[in-house]
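Asks: Sequences are here, hints too, so could you generate the full structure?
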Amino acid sequence: MSGRRLCLNRQNRLFCAEPEGIVEGIGGPSIRWHKSSFDGSLQPYALYTPPSYDSSRSWPLVVSLHGYSCDHVLNLRRVMGRGNSFDEPDCEAKLCIPKLPDVDFIVASPYAFGSLGYQGAAEVDVLDVIADVRANFNIDEDMIYLTGLSMGGRGAWILSERYPDLFAAVAPVCGPVGFARWDYTTRPLPQFALDIFSARVPEAMASNLMHVPVKVFHGDSDEVVPVDHSRRMVELLRQMGCHVEYVEYQGVYHNSWDMAYSGGDLFRWFSNFRRVKKPKSVDFVTPSLRWQSAYWVRIEQIAERPKPARIRADILETAEESKVLVRVVTDNVKSFTLDPVLWPIEPNDEVVILWNGEEVFEGRVSEKLTFGDIETGFRKRAGIEGPVCDAFMGRHLIVYGAGGGRELANACREAAYMLADPGEWGDIDTPVKSCSHVTKNDISSYNLILIGNQFTSSLIRRVNNYLPVRFDGKWVQAGRRLYEGGDMGLIVIYFNPLNPERYVVVLGGHSPNTIMMAAENARIAPDYVVFDAGSDFSRQDTLLDWGFFDNSWGISR
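Start counting the sequence shown at 0; every next residue gets the next number (numbering that gives the first Met the number 0).
Keep in mind the hints are simulated off the structure, nothing from the lab. You may find that some hints are simply not true.
Derived pair list, reagent style DSS-like, types lysine-lysine, alpha-carbon separation capped at 30 Å [claimed, not checked]:
{"id": "1", "residue 1": "Lys34", "residue 2": "Lys439"}
{"id": "2", "residue 1": "Lys276", "residue 2": "Lys333"}
{"id": "3", "residue 1": "Lys333", "residue 2": "Lys367"}
{"id": "4", "residue 1": "Lys279", "residue 2": "Lys306"}
Replies: Shown next, in the form of structure tokens:
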């Protein structure tokens, strides 16, 4: 770029809603746009391509995730070792990309809808960016690497664990691995919420990085994300025998990325590794069927939620020539699938499969094999399994009831817009409608978050009798149990009876108070919660009932 700075004024921010900014070509930094598979919107990302790029050869790709209140532009600068200048505030640094050093990597920095913690739409955006870069550039699929700083460091942890067979190596920088600051840690939580969150933090899925080399960076004086986060994770990975390297900077605060990304050392480290495609051993943990497979194993059904499901599968040599032993050990798994196409063995080898010590198969195999309980009928599956927070991770529409009088209608509307607010640094427009404006296309396209009761919302009236937990405001029936009171509330997630391919969530209450209680606690709830005006969500013993539906969407107890 001949020393030029790629700049936009505040009216043409690089993360504006339409691609009106400067878009540079190959050879240096540029801003590219893709159509989001989450909501169809145009989303930007920053991209670096080497001046020597030649499409006749494949190139390694580094995906870099920005921190909280940051964006793709400043993050591209930082990962390339050109972070903020002295005394340059982030708000100014976001507007310009200076001359970047030459590296033999393509580097992509997703915007990821601002600061959403790389969950839901933000996670989808990262995968979309990888797909867009691969579609437009010749990428070596065995040399895709992931890094990120602070919130992006957490994103690097969780995305590499959820998709370990996508990445060749990962380098989190000062990323939280337990409960993050943005994960409801400012108030006491009921035990069911702690169980849900504990199953989804990076520490719970560390074994997924068995074949993904990790390099971690942190400053020992970090006051935003204490260094103990990285120390704990590094020690855990070491105990599991994973490839992990750790760099801790003495006297450095929450800017360890300035050191981690300086001089291009991280790119040189990445270049040592290629993706492991066909490992002999897989140790995969997941809290959700949303992330259900890695390498050649796939978890089909989880036995009990919110406990994580785990499958350990090993291909072992035997004394008999051309005979292979596949040993599978599972925990909290009802059924699973093995894909022999991805096994590192000869196609004609005879296979013996042991599951938890019992022989379940012997012979030659060329197609996928599924073992365990294969339930018939409509059952929980990826994208339709709960808990309530899962509905918010997909494309969703928040619907408020407008009937029942002005006071109730106002409370429903206020709760709807509170739920739709992505926070100060989130940048996503969650649609909100009154019940009367919901169309057939909405029911087809969205998870529906319904707020109100059967008097305020015709949609709640339509779905109420299909739900295993239903209510009229003064009573709630959960299976065979009936709860009665003057001001009852309900949180429940279920497959939408009007469209079983999507969720419906009912956030119900008899009064403005219980309606707001349902909305405020929706994202921490299991599959259902029954409460009243006297309940306190920080004290689980004050809630009348709660639980997780079984795999057939019923109440088993």
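Asks: Would you mind marking each hint as holding or not holding in the structure?
Replies: Against the structure, the hints come out as follows:
As the CA atoms of Lys34 and Lys439 are separated by approximately 24 Å, the hinted pair is consistent with the 30 Å bound. Between the alpha carbons of Lys276 and Lys333 the distance comes to roughly 26 Å, so the proposed pair stays at or under 30 Å and holds. Annotation: proposed proximity of Lys333 to Lys367 holds, straight-line Cα distance about 17 Å (limit 30 Å). A distance of roughly 26 Å separates the Cα atoms of Lys279 and Lys306; the hinted pair therefore holds under the 30 Å criterion.
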